[in-house]
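Chemist: Letter by letter, the chains look like this.
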Amino acid sequence: MSAIATVDGHEEDHGHHHKETFITKYIFSQDHKMISKQYLVTGLIMGIIGIAMSILFRLQLAWPDHKFTIFEVLLGKFGTDGVMDPSMYLALVTIHGTIMVFFVLTAGLSGTFSNLLIPLQIGARDMASGFLNMISYWLFFLSSVIMVLSLFAEAGPASAGWTIYPPLSALPQAIGGSGTGMTLWLVSMAIFIASSLLGSLNYVVTVINLRTKGMSMTRMPLTIWAFFVTAIIGIVSFPVLLSAALLLIMDRGFGTSFYLSDIYIAGEVLHNQGGSPVLFEHLFWFLGHPEVYIVLLPALGITSEIIATNSRKPIFGYRAMVASILAIAFLSTIVWGHHMFISGMNPFLGSVFTFTTLLIAIPSAVKSFNYITTLWKGNLQLNPAMLFSIGLVSTFITGGLTGIILGDSTLDINVHDTYFVVAHFHLVMGISALYGLFAGVYHWFPKMYGKMMNKNLGYIHFWVTAVGAYGVFFPMHFIGMAGLPRRYYTNSYFPYFDDLSDTNVLITVFALITAAAQLVFLYNFIVSIFYGKKAVQNPWSSNTMEWTTPVEHIHGNWPGAIPHVYRWPYDYSKTNEDGEYVIAGQDYVSQITPLQDGEEEMHH
Amino acid sequence: MTVFLTIVVLALIGISLWQMSKILKLSQVKSDNSQVANDKDNNLQGKLMLAFVIFMYLLTIYCFVQYHSFFLPESASAHGVDYDRLMIISMVLIFVVQFITQGLLHFFAYTYRGKKENKALFFADNDKLEFIWTIIPVIVLAGLIIYGLFTWTDIMNIDEEEGDPLIVELYAYQFDWRARYAGQDNVLGKANVRFIEGVNTLGVDVSDSYGMDDKITNELHLPVNRKVIFKMRSQDVLHSAYMPFFRAQMNVVPGMITEFSYTPTMTSEEMKNSDFMVEKVATINKIRKKKSKKLVAAGDEALETYEFEYYLLCNKICGASHYNMQMKIVVESEEEYNTWLKTQQTFKDQLSAQASN
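Top to bottom, those sequences are chains A and B.
Per numbering that gives the first Met the number 0, the first sequence starts with residue 0, numbered consecutively.
Per numbering that gives the first Met the number 0, the second sequence starts with residue 0, numbered consecutively.
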């Protein structure tokens with residue numbers, strides 16, 4: 000009841016618009032549509048940095064003996080004479096992981112589309128708290144700035160891997176990057192967590208309270224379900240990372256021994272006693288694993304929506320999809336130990352985590368099958384967003400299947416921390432989530448900027464990326480099976496790996512091509528903002544509510560009263576008994592269209 | 000220079016793609032500039048989807064043909080046989096599922112590519128279908144889980160009482176390994192980094208008599224067909240003792256002792272002379288010879304000819320030289336092992352040698 004009351008309240012006050020200055024409109028905006036664009040642009044800039052780093056270390060891996068001028072130009076004293084410093088290699092790997100996981104795929108993906116779509120798709124004028132939403136973005140911005148600044152630390156940026164396992168991350172004696180670089184990393188991440196929590200709380204409250212009349216939970220688009228559940232796992236798990244980071248800060252700065260014990264380094268014994276790095280691993284992965292799903296679920300939600308729209312078919316098994324999201328979310332919080340099978344943790348725990356981990360394969364399989372069935376007998380409109388969504392299902396399957404090997408404690412023994420792992424998680428969460436991000440941008444660009452992106456550039460972007468991504472990560476499984484460890488600066492110190500070097504070159508070449516294809520996207524993105532074709536109100540003939548708002552953004556989203564919802568969002572190609580579409584000549588029925596005469600509502 | 004060329008080539012590819020898209024754009028009929036896929040797009044993209052799955056199949060086949068020599072040779076440890084069997088079963092399963100699902104996904108994308116006059120089927124639910132594809136993974140995974148767990152328990156159940164296991168400490172520090180043999184009594188002396196001093200680089204407790212006959216070495220020698228229990232200790236940061244040929248890995252954690260155990264079943268000689276390894280080493284040496292030619296031409300030293308030895312490597316990021324933290328492993332007959340061990344100094348001798356200096 001309260002939800003309806005709030006909505007009504009908004010309906011009355013939508014008329015008086017505040018006068019907006021440049022600053023309140025474009026910088027400290029409290030409008031969810033502007034904030035979502037801010038997230039997107041910041042995320043893309045961080046993405047450029049993250050991908051550029053991967054190119055640098057891929058060059059190093061492919062041609063370890065070669066001197067690259069670009070190293071000297073970009074890395075300064077860590078690239079003297081064009082030779083990359085080994086600790087800089089680790090720093091690049093570390094920051095690449097951090098940026099891509101947190102700044103691009105958490106904030107850039109979930110931040111962008113949760114902000115854009117939650118109010119628009121549930122029929123709300125804005126987020127529950129526009130102010131908190133603004134704070135959330137600016138904290139994210141601040142943490143991004145600090146993370147980028149940390150690259151300029153004298154002794155190098157954080158270089159203990161994105162998992163920052165102590166003692167390596169706690170002791171500047173162990174590696175230079177664990178000094179100022181690591182401090183800045185921790186500060187940046189602490190702020191990031193605050194930002195993420197404010198955002199997530201806002202999403203949850205908005206979804207629960209601000210749905211328009213008729214928008215029951217079972218009529219919500221799957222995007223909203225995904226964002227909603229993602230926000231919940233974020234709230235459950237991010238605080239644990241904060242405590243892990245706080246304890247690490249204390250170990251580093253105040254002489255405590257949470258993670259440190261019995262250490263002799265740089266010629267002296269440290270006083271620390273009784274701590275355990277395994278504790279840190281538990282705390283880290285308690286966030287770290289749900290994080291994978293924080294990254295992936297929004298992408299799956301976006302894909303569900305785009306595949307249904309472009310197949311001109313309802314998503315197959317709506318309830319099963321929702322149940323899978325819930326099951327994945329629940330299981331994701333009790334599988335973290337599969338990152339730690341050989342960490343020295345009790346082997347019995349390993350058994351339990353194997354069990355829960357392989358359980359996750361079940362809802363994941365259901366989702367994949369449901370996507371495939373949604374395509375079956377559809378009338379597929381192969382827009383770039385649709386291609387990226389199909390691409391996502393493909394990489395999700397490929398990457399997910401190898402998870403069966405890594406999730407099995409026995410099999411993990413010999414592939415743990417090899418390139419097999421790198422291939423697995425890049426496909427299943429990295430590439431898949433990126434595809435989700437791209438799909439979302441192509442699909443909702445008209446809603447964000449009122450313009451259309453060029454589809455042909457979109458096609459080029461997709462196909463080069465699709466071939467390139469498999470070209471990079473498929474062969475990587477094989478060098479992992481050879482027992483090649485990840486995070487090695489060069490493999491030339493083990494002659495046994497000499498025959499893998501050609502494959503490393505191949506991977507790097509594919510990586511270069513794939514990265515170049517992203518420039519096509521950037522070009523398309525920027526040019527379309529300014530010179531793109533003006534969008535119509537509902538370019539993809541979609542059912543969801545965001546396409547009932549005017550193309551020009553207005554504060555409060557709908558010019559008049561907020562429309563009510565009468566049906567679920569997937570009435571595509573619904574026909575009457577005589578085989579005619581429910582609305583003659585139109586294969587979709589918007590959620591705000593009341594039931595037609597004689598039409599039966601689906602049980603949703 | 001090659002890099003510069005590569006970048007130039009990539010830039011040119013980028014430009015040509017961009018130009019191609021311009022041409023495409025110009026060649027399009029002006030009336031359809033909606034940027035929404037039309038039938039022509041659907042047709043082309045659908046066909047490309049089909050081509051893509053063929054590309055994936057070919058990539059898979061190419062990788063297996065080209066890279067089959069990358070797979071590790073048959074396991075050199077007893078439990079590794081079970082490991083490999085489980086791996087093969089999982090792999091076959093994965094590739095069957097991969098083949099079918101990717102095929103369906105892309106084939107549907109091709110077959111049902113949109114046409115204006117087509118009508119999609121309103122098909123929202125089917126409990127039976129959904130039940131089927133929930134229950135199939137449940138059964139298959141249950142099988143895998145149970146099989147995996149039995150193997151896991153076997154591997155991880157380390158019983159010092161059973162049989163006559165050899166006790167060896169693996170000691171890791173930035174950036175090298177040491178092995179400490181328990182000596183005559185087969186009991187390791189107590190140790191802690193706080194005891195590190197002079198030659199006592201592993202921090203063995205000098206007041207513990209069990210430690211006196213311990214032998215500290217920088218190669219790991221193991222007698223074939225005897226169970227060995229590794230007790231692992233780290234001096235500074237996390238390391239991981241990875242012995243891929245024995246399907247063995249365990250993290251080495253400062254502040255605690257971690258354990259792993261296996262029975263080596265193939266001596267270094269046997270492995271060197273196996274068909275797999277002879278071929279592999281020949282390939283590697285061919286590559287090294289080619290590289291050496293270049294090096295010599297540039298005035299550098301040629302690379303040494305490679306001869307296979309088992310190795311232990313660090314597999315947990317541990318600092319700048321993480322990439323070169325290795326130790327040679329030799330598996331040999333009981334006699335050879337004993338002969339070698341005799342040549343190694345005991346801890347007591349090391350101490351007295353230091354004292355007399």
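None of these hints come from the bench; they were simulated from the model.
Computed from a prediction, not measured in an experiment: that's the story for all the values here.
Among these hints, one or two may not hold up.
Unchecked claim - Result set (SDA-like, lysine to any residue): computed pairs, CA atoms no more than 25 Å apart in a straight line: (1) K39(B) x V463(A); (2) K230(B) x S500(A); (3) K292(B) x V268(A); (4) K127(B) x K115(B); (5) K292(B) x V82(A); (6) K271(B) x K532(A); (7) K189(B) x I69(A); (8) K293(B) x P593(A); (9) K532(A) x K279(B); (10) K290(B) x L60(A); (11) K230(B) x S256(A); (12) K115(B) x D586(A); (13) K279(B) x S256(A); (14) K327(B) x L505(A); (15) K293(B) x K450(A); (16) K376(A) x K293(B); (17) K327(B) x D498(A); (18) K66(A) x S291(B); (19) K118(B) x L505(A); (20) K290(B) x H281(A); (21) K450(A) x V35(B); (22) K66(A) x Q18(B); (23) K66(A) x K279(B); (24) K532(A) x E278(B); (25) K285(B) x L60(A); (26) K292(B) x K532(A); (27) K292(B) x V463(A).
Chemist: May I ask which of the numbered hints given earlier this structure violates, with the numbers listed in increasing order?
Modeler: 2, 3, 4, 6, 7, 8, 9, 13, 14, 15, 16, 19, 20, 22, 23, 24, 26, 27
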